[in-house]
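> Below, each chain spelled out in residue letters.
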Amino acid sequence: MVTAVSRFFVRSSSWRGSGSRRHAGFQRRILALVAASVMSLPVSVFAQLFDRATVIENARIVTQTGPVVERGSIVIKGGRIVELGSEVSAPMFSKKIDAAGKTVSPGLIDVWSGLGHAGASSSADPTSRASDAVATYDHEAFRDALRNGVTTMFVGTNGGAGVNGIGAVLQLSPGESGPIAKIIDDDAALCVDFGSSESALGRLKTFQKVRKAFKKAEVYRRALEDYDEELKEYIEKLEERRKEKEKEEAEEAGDEKDADDESKPKKKGDSDDESGGDKDKDKEKDKDKPKPKPDPKPDPKPKPKPKPDPKPDGAGLRPLLSGARGADGENGKKPGNDKGGDKKDGDKDGDDEDDDELEKPEQPAPDRKSDVLLRAIDHELIVRIRAYRSASILNALELADEFKIDIVIEGATEAYLVADQLAEAKVSVVLGRVSRSELFQDGAFRRHSRRNAAALSQAGVSWSIGSGGSATSSRFVGFNAQMASGYGATSQGAVGSDDWLSRVTSRASRVIGLGGRAGRLRSGAAADLVIWSGDPSDPGSRVEQVLINGEIAFDASAEGDR
Amino acid sequence: MNHRHPRHAHRFSIRRSRHFGFVLAAVFTLALSAVASRALAQQPSTILVGRYVAPDGTLKPSANIELRDGKFASIKMTDEPATGAYAHAVVCPGLIDLRSNIGSYGQTNESKNAIDPSVNAIDGIDWHHRDFKTALSAGVTAAMISPSPHNLVSGVAAVIKTDPSRAVVLRADGPLVLSLGPQVWRYDRSPTSRTGSLAMLRDLFDTARRGQAHPRLNAMVKGGLTSLVYCDDAMDVSAVLRLFDTVAGPDAIVHTGGEHDLANELSGRATTVVVGPYGLDTPPRELALAGTLSNKEVPVAFAGQVPVRGRDSVRLTAALAVRYGMAPEAARRGMTITAAKVAGVVDRIGSIETGKDADFVIFSDDPLRLDAKVLAVYIGGTRVYADHAALRAAGDVD
Numbered sequence: 000m001v002t003a004v005s006r007f008f009v010r011s012s013s014w015r016g017s018g019s020r021r022h023a024g025f026q027r028r029i030l031a032l033v034a035a036s037v038m039s040l041p042v043s044v045f046a047q048l049f050d051r052a053t054v055i056e057n058a059r060i061v062t063q064t065g066p067v068v069e070r071g072s073i074v075i076k077g078g079r080i081v082e083l084g085s086e087v088s089a090p091m092f093s094k095k096i097d098a099a100g101k102t103v104s105p106g107l108i109d110v111w112s113g114l115g116h117a118g119a120s121s122s123a124d125p126t127s128r129a130s131d132a133v134a135t136y137d138h139e140a141f142r143d144a145l146r147n148g149v150t151t152m153f154v155g156t157n158g159g160a161g162v163n164g165i166g167a168v169l170q171l172s173p174g175e176s177g178p179i180a181k182i183i184d185d186d187a188a189l190c191v192d193f194g195s196s197e198s199a200l201g202r203l204k205t206f207q208k209v210r211k212a213f214k215k216a217e218v219y220r221r222a223l224e225d226y227d228e229e230l231k232e233y234i235e236k237l238e239e240r241r242k243e244k245e246k247e248e249a250e251e252a253g254d255e256k257d258a259d260d261e262s263k264p265k266k267k268g269d270s271d272d273e274s275g276g277d278k279d280k281d282k283e284k285d286k287d288k289p290k291p292k293p294d295p296k297p298d299p300k301p302k303p304k305p306k307p308d309p310k311p312d313g314a315g316l317r318p319l320l321s322g323a324r325g326a327d328g329e330n331g332k333k334p335g336n337d338k339g340g341d342k343k344d345g346d347k348d349g350d351d352e353d354d355d356e357l358e359k360p361e362q363p364a365p366d367r368k369s370d371v372l373l374r375a376i377d378h379e380l381i382v383r384i385r386a387y388r389s390a391s392i393l394n395a396l397e398l399a400d401e402f403k404i405d406i407v408i409e410g411a412t413e414a415y416l417v418a419d420q421l422a423e424a425k426v427s428v429v430l431g432r433v434s435r436s437e438l439f440q441d442g443a444f445r446r447h448s449r450r451n452a453a454a455l456s457q458a459g460v461s462w463s464i465g466s467g468g469s470a471t472s473s474r475f476v477g478f479n480a481q482m483a484s485g486y487g488a489t490s491q492g493a494v495g496s497d498d499w500l501s502r503v504t505s506r507a508s509r510v511i512g513l514g515g516r517a518g519r520l521r522s523g524a525a526a527d528l529v530i531w532s533g534d535p536s537d538p539g540s541r542v543e544q545v546l547i548n549g550e551i552a553f554d555a556s557a558e559g560d561r
Numbered sequence: 000m001n002h003r004h005p006r007h008a009h010r011f012s013i014r015r016s017r018h019f020g021f022v023l024a025a026v027f028t029l030a031l032s033a034v035a036s037r038a039l040a041q042q043p044s045t046i047l048v049g050r051y052v053a054p055d056g057t058l059k060p061s062a063n064i065e066l067r068d069g070k071f072a073s074i075k076m077t078d079e080p081a082t083g084a085y086a087h088a089v090v091c092p093g094l095i096d097l098r099s100n101i102g103s104y105g106q107t108n109e110s111k112n113a114i115d116p117s118v119n120a121i122d123g124i125d126w127h128h129r130d131f132k133t134a135l136s137a138g139v140t141a142a143m144i145s146p147s148p149h150n151l152v153s154g155v156a157a158v159i160k161t162d163p164s165r166a167v168v169l170r171a172d173g174p175l176v177l178s179l180g181p182q183v184w185r186y187d188r189s190p191t192s193r194t195g196s197l198a199m200l201r202d203l204f205d206t207a208r209r210g211q212a213h214p215r216l217n218a219m220v221k222g223g224l225t226s227l228v229y230c231d232d233a234m235d236v237s238a239v240l241r242l243f244d245t246v247a248g249p250d251a252i253v254h255t256g257g258e259h260d261l262a263n264e265l266s267g268r269a270t271t272v273v274v275g276p277y278g279l280d281t282p283p284r285e286l287a288l289a290g291t292l293s294n295k296e297v298p299v300a301f302a303g304q305v306p307v308r309g310r311d312s313v314r315l316t317a318a319l320a321v322r323y324g325m326a327p328e329a330a331r332r333g334m335t336i337t338a339a340k341v342a343g344v345v346d347r348i349g350s351i352e353t354g355k356d357a358d359f360v361i362f363s364d365d366p367l368r369l370d371a372k373v374l375a376v377y378i379g380g381t382r383v384y385a386d387h388a389a390l391r392a393a394g395d396v397d
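Chains A and B supply the protein sequences, listed in that same order. The opening residue of the first sequence carries number 0 in numbering that gives the first Met the number 0; numbering runs sequentially from there. The opening residue of the second sequence carries number 0 in numbering that gives the first Met the number 0; numbering runs sequentially from there.
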């Protein structure tokens with residue numbers, strides 16, 4: 000820009016002394032240029048000035064990626080951690096938070112929450128989404144989570160026994176107004192519930208129901224593939240016939256040279272009539288049984304997110320009304336237009352002169368539920384299976400084996416009885432509430448054991464822990480983890496360790512598909528962190544500040560006493 | 000320290016009792032082991048611990064705790080560092096659950112007469128119930144069992160130790176349990192409302208002041224029997240304070256339902272507030288109650304409702320109270336010495352002090368830390384529970 004300006008001035012000085020008309024033009028140009036430079040320059044300058052880095056200094060940092068940094072700094076910029084360690088110096092003009100004597104940990108993650116989801120339940124329908132039912136404006140509930148250091152949570156769907164929908168991951172957001180929770184992944188896992196029925200038969204029935212649903216999805220896929228195959232053949236045959244006819248006509252044309260000019264387009268129209276007539280037949284069939292539009296594009300994989308009918312406006316309807324069903328995008332597939340070349344301008348209302356015995360293949364009825372299950376089979380969605388009793392857990396492993404799906408087991412009260420099988424299958428477990436009544440209980444918690452987590456650690460099963468889908472106890476996921484780890488630490492001999500913290504940070508992040516993006520403090524990770532008054536394991540420690548994406552979302556000193 | 004308790008031998012003898020020879024042998028063994036255990040008990044033993052919970056609720060460093068005849072003989076600070084299993088361990092007085100259902104769940108639900116001072120909770124305890132083992136595994140060594148608070152006057156509570164083999168009853172007669180609030184109102188007998196409750200109680204107190212009520216009530220108004228009042232709502236607390244304006248007490252109020260302005264009303268009175276059980280679902284304003292009161296010098300103790308609310312309910316209640324503003328020292332007192340005061344057994348248990356019963360728990364860390372585990376539990380100087388796996392892992396030969 001500088002060179003441009005100087006060049007401009009050099010050029011303009013050479014123009015000095017010429018006519019005033021020119022001079023006025025020059026003034027206008029220089030004004031425009033100055034305006035442009037003022038408008039363009041500050042953007043970067045202001046960005047530099049206002050996007051100041053935040054630095055947390057002198058903190059004890061529990062990174063969850065390596066050893067604890069006893070005294071170090073964290074530099075945050077653009078909502079992310081850019082630098083972290085004991086030798087880090089603060090950049091100029093940065094906002095500083097002095098954390099001497101305090102401990103910084105990653106924000107806690109509740110891998111099995113019901114927060115903001117109270118009372119919301121869908122029927123057992125795989126297409127339902129938890130993200131549709133989250134009360135993201137429930138400030139009171141979410142703020143209590145924040146004041147206990149919880150920043151991220153997974154909420155599932157609660158439709159009862161069966162395949163019941165797609166779970167979501169929420170991140171709390173700073174600010175007093177607007178939604179307090181942000182849905183950062185509305186497609187986090189496919190939730191399946193094996194039920195907590197006391198009757199073994201009842202649980203078996205649910206398992207069979209789920210298994211059938213997956214089986215049906217596979218059959219549906221095969222039908223789609225067969226259909227694509229048949230359609231391809233059909234189109235090839237149509238093409239063949241058309242060519243044959245053209246050939247015949249060409250021969251006829253050779254005989255009747257006079258009619259040449261008229262007959263050719265007319266013949267073309269004839270061929271269009273064929274397809275037009277075919278369409279009419281199709282339409283008739285549709286009257287009894289709604290059929291998807293023949294999709295000529297071989298697309299065996301349904302699109303990840305089936306969209307509802309993509310024709311809300313008149314423009315979208317027009318092709319349908321005029322009979323051009325090519326735009327009817329069922330299953331979210333793109334409207335087929337590759338065979339439209341010879342049809343588009345055809346006479347749709349032409350007489351049915353169809354002498355064709357070729358039968359058009361029937362497209363399988365769209366099955367959106369199966370579409371969702373197929374995404375699980377294609378490893379696009381992890382399957383979160385709620386299974387409490389040991390037999391149900393084994394059923395879940397069976398299901399994973401049969402359909403080659405990636406699963407996580409949720410609930411798992413009796414996991415300690417099948418810990419070896421879980422370890423062998425390398426399946427992760429999400430545990431719920433540890434402290435339970437010691438009175439006799441039936442169903443899911445009949446054989447609950449406080450040593451469940453310990454047995455899993457010992458067998459080498461990876462586990463994390465949530466609040467058990469509760470709408471009220473998500474805030475105490477840390478306490479819950481502490482209780483589980485207390486009993487779990489036995490076998491490790493690591494009494495008094497920070498094992499519990501990893502269960503609600505780094506390991507939790509992995510199990511809900513956030514990987515390294517959350518639950519760890521390292522450069523590049525989102526700056527979701529908690530500043531504790533002391534060691535997070537110490538009962539007297541309080542949450543002083545919570546930062547989400549680098550912004551202060553909770554500040555105990557600003558809250559007063561409460 | 001690790002001597003076998005006679006009851007093991009006893010159980011052995013029962014199994015073989017059909018054979019006379021075995022019976023003889025068993026009787027002999029029993030006698031022998033009884034003698035042996037008495038000999039051992041007379042021998043003082045010492046535990047060296049990393050830290051211990053002092054009577055003021057603070058964690059004090061390294062101490063030598065000497066036991067003799069089932070009591071604490073001496074507690075001496077030492078510079079000698081503890082080793083082995085107990086190096087990082089914290090010795091804590093046995094936890095006390097002030098609203099327990101141990102061995103008595105569903106056994107104390109008398110609700111026919113609104114005023115029923117002759118009921119004794121001790122009659123509802125099943126000493127063979129597995130709850131005792133559950134309580135011990137969580138470090139609860141003493142419990143107050145109340146008659147269910149479904150009557151204006153429900154009878155007297157019992158205070159027991161949780162070692163079922165010895166069935167130690169610390170106190171069978173008290174405190175006298177009174178209740179206000181909706182759980183008392185019934186359609187088939189008076190009272191049917193809050194105002195009715197207070198009218199009946201006022202009449203009762205007048206009669207008692209004249210010495211014409213049940214002896215337990217007569218004693219209570221004169222300060223001869225401690226009282227414990229269950230208050231559902233904060234307005235019940237206010238009503239109770241008005242009610243007791245001219246008579247002694249109440250010694251404790253069981254109230255969990257929210258803070259309101261109780262602290263100001265209660266400060267300056269000798270009334271302890273029992274809160275809990277707190278759970279992970281308890282609303283924040285209820286969790287804040289313990290801290291608000293305790294920070295204004297109102298003594299606070301905890302009710303855990305073990306085992307109905309889980310085995311670790313006492314510690315969970317305390318930990319949640321701390322998270323919502325209570326000082327850790329006050330919370331440790333609330334599980335031990337303050338609770339012993341409410342139960343009226345502070346001369347026997349509740350703190351690690353010379354002359355008190357050697358009822359204590361060895362935790363792997365601060366008992367307020369929920370990942371601290373119970374390594375061993377002693378009642379009257381005898382080990383009644385041990386987490387053998389944890390002790391082995393921590394390097395104790397066990």
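Check before you lean on any hint, since a few could be wrong.
[Stated by the list, open to error] The following label-pair restraints were derived from C-beta to C-beta distances:
| id | chain 1 | residue 1 | chain 2 | residue 2 | range |
| --- | --- | --- | --- | --- | --- |
| 1 | B | Ala-72 | A | Ser-556 | 29 to 35 Å |
| 2 | B | Lys-75 | A | Phe-92 | 53 to 59 Å |
| 3 | A | Ser-122 | B | Asp-55 | 55 to 61 Å |
| 4 | A | Gly-533 | B | Pro-282 | 39 to 45 Å |
| 5 | B | Pro-282 | A | Ser-556 | 43 to 49 Å |
| 6 | B | Asp-55 | A | Tyr-136 | 45 to 51 Å |
| 7 | B | Asp-55 | A | Gly-533 | 56 to 62 Å |
| 8 | B | Val-345 | A | Leu-438 | 27 to 33 Å |
| 9 | A | Asp-97 | B | Ala-166 | 54 to 60 Å |
| 10 | B | Arg-188 | A | Gly-159 | 40 to 46 Å |
| 11 | A | Gly-159 | B | Gly-354 | 57 to 63 Å |
[Claimed, not checked] If you want the ones that stay clear, here's a sample from chain B, every Cβ over 12 Å from chain A, calculated:
| id | residue |
| --- | --- |
| 12 | Ile-101 |
| 13 | Arg-129 |
| 14 | Ala-233 |
| 15 | Arg-310 |
None of these hints come from the bench; they were simulated from the model. The beta carbon of each residue, even a glycine, is placed where N, CA and C say it ideally should be.
> Now tell me if each hint is right for this structure.
Hint check results:
| no. | hint | in the structure |
| --- | --- | --- |
| 1 | B:Ala-72 <-> A:Ser-556: 29 to 35 Å | violated (48 Å) |
| 2 | B:Lys-75 <-> A:Phe-92: 53 to 59 Å | holds (58 Å) |
| 3 | A:Ser-122 <-> B:Asp-55: 55 to 61 Å | holds (58 Å) |
| 4 | A:Gly-533 <-> B:Pro-282: 39 to 45 Å | violated (26 Å) |
| 5 | B:Pro-282 <-> A:Ser-556: 43 to 49 Å | violated (23 Å) |
| 6 | B:Asp-55 <-> A:Tyr-136: 45 to 51 Å | holds (46 Å) |
| 7 | B:Asp-55 <-> A:Gly-533: 56 to 62 Å | violated (20 Å) |
| 8 | B:Val-345 <-> A:Leu-438: 27 to 33 Å | holds (30 Å) |
| 9 | A:Asp-97 <-> B:Ala-166: 54 to 60 Å | holds (58 Å) |
| 10 | B:Arg-188 <-> A:Gly-159: 40 to 46 Å | holds (42 Å) |
| 11 | A:Gly-159 <-> B:Gly-354: 57 to 63 Å | holds (60 Å) |
| 12 | Ile-101 | violated (10 Å) |
| 13 | Arg-129 | violated (9 Å) |
| 14 | Ala-233 | holds (17 Å) |
| 15 | Arg-310 | violated (6 Å) |
The structure fails to meet hints 1, 4, 5, 7, 12, 13, 15 from the earlier list, while all remaining hints are met.
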